[in-house]
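*Asks:* Sequence:
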Amino acid sequence: NAIVVSDVGQHQMLEAQYYKHDEPNTLLTSGGLGTMGFSLPAAIGASFVDRGKDIWVIVGDGSIQMTITELATAVQENANIKIAIINNGYLGMVRQWQQLFYDARYIETPISSPDYVKLSEAYGLKGFRVSSRKEIPNIVKDAQNIDGPVLIEFVVEKHDMVYPMVPAGANLDEMISRPVHEQFQDAEM
1 NAIVVSDVGQ HQMLEAQYYK HDEPNTLLTS GGLGTMGFSL PAAIGASFVD RGKDIWVIVG
61 DGSIQMTITE LATAVQENAN IKIAIINNGY LGMVRQWQQL FYDARYIETP ISSPDYVKLS
121 EAYGLKGFRV SSRKEIPNIV KDAQNIDGPV LIEFVVEKHD MVYPMVPAGA NLDEMISRPV
181 HEQFQDAEM
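Under our numbering, the letters of the sequence shown match residues 1 to 189, in that order.
If you're looking for bench data, these hints aren't it; they were derived computationally from the structure. Keep in mind that this is a model prediction, so the values were computed, not measured. Check each hint, because a few of them may be wrong.
Here are the simulated lysine-lysine pairs, DSS-like style, with alpha carbons at most 27 Å apart [stated by the list, open to error]:
{"id": "1", "residue 1": "158", "residue 2": "141"}
{"id": "2", "residue 1": "20", "residue 2": "141"}
{"id": "3", "residue 1": "141", "residue 2": "118"}
{"id": "4", "residue 1": "134", "residue 2": "118"}
The whole structure should be built from the sequences, with the hints applied where relevant.
*Replies:* Below is the structure:
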């Protein structure tokens with residue numbers, strides 16, 4: 001029953017594929033407009049509409065830095081938002097495009113980030129860091145039990161790719177699927 005506010009990037013594709021929305025009007029996204037930084041201010045706004053609803057921000061480490069100062073607003077207004085930063089140390093979607101379409105000629109995709117837990121504390125909200133899958137259930141439960149804004153940094157693999165994807169200007173029938181793992185390439189279907 002949560003409202004999910006998704007930013008732009010690989011995390012947006014993962015949210016679209018793996019989060020099941022059971023009710024209408026529970027996903028806020030700027031879609032394909034490419035507006036990095038959309039999710040945090042949008043979630044704060046959504047928190048005014050329904051104070052009793054859980055609101056989750058799904059954002060990458062690149063996107064969050066576009067509007068991270070809005071953490072001050074979230075604290076000031078005691079916005080009931082839970083911020084999930086997917087931190088891979090890259091502008092992940094840009095890196096993926098550079099790998100697939102530009103012969104892995106990378107430019108300006110690795111990024112450095114602040115210590116999000118310390119930054120959260122500096123703004124006056126609780127911050128958590130998840131470094132392994134086994135930590136997820138307990139930390140998410142702890143975050144859900146806190147009234148007001150909470151930030152969780154999920155440290156993930158640097159080079160993961162998201163599929164399927166459609167190259168710019170291509171038709172849907174030109175969609176790129178996840179490569180078949182080599183152990184299955186010769187298997188009969």
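*Asks:* Quickly compare the C-alpha distance for residue 158 and residue 141 to 27 Å and report which way the hint goes.
*Replies:* Distance ~26 Å between residue 158 and residue 141 Cα, so the pair holds.
*Asks:* Just to be careful, I want the Cα atoms of residue 20 and residue 141 compared with a cutoff of 27 Å; is the pair within it?
*Replies:* holds (19 Å)
*Asks:* Next pair to validate is residue 134 with residue 118; report whether the Cα-Cα distance is within 27 Å.
*Replies:* holds (22 Å)
*Asks:* Please verify whether residue 141 and residue 118 have alpha carbons no more than 27 Å apart.
*Replies:* Between residue 141 and residue 118 the Cα gap is close to 20 Å, so the pair holds against 27 Å.
Consistency note: the structure conflicts with none of the earlier hints.
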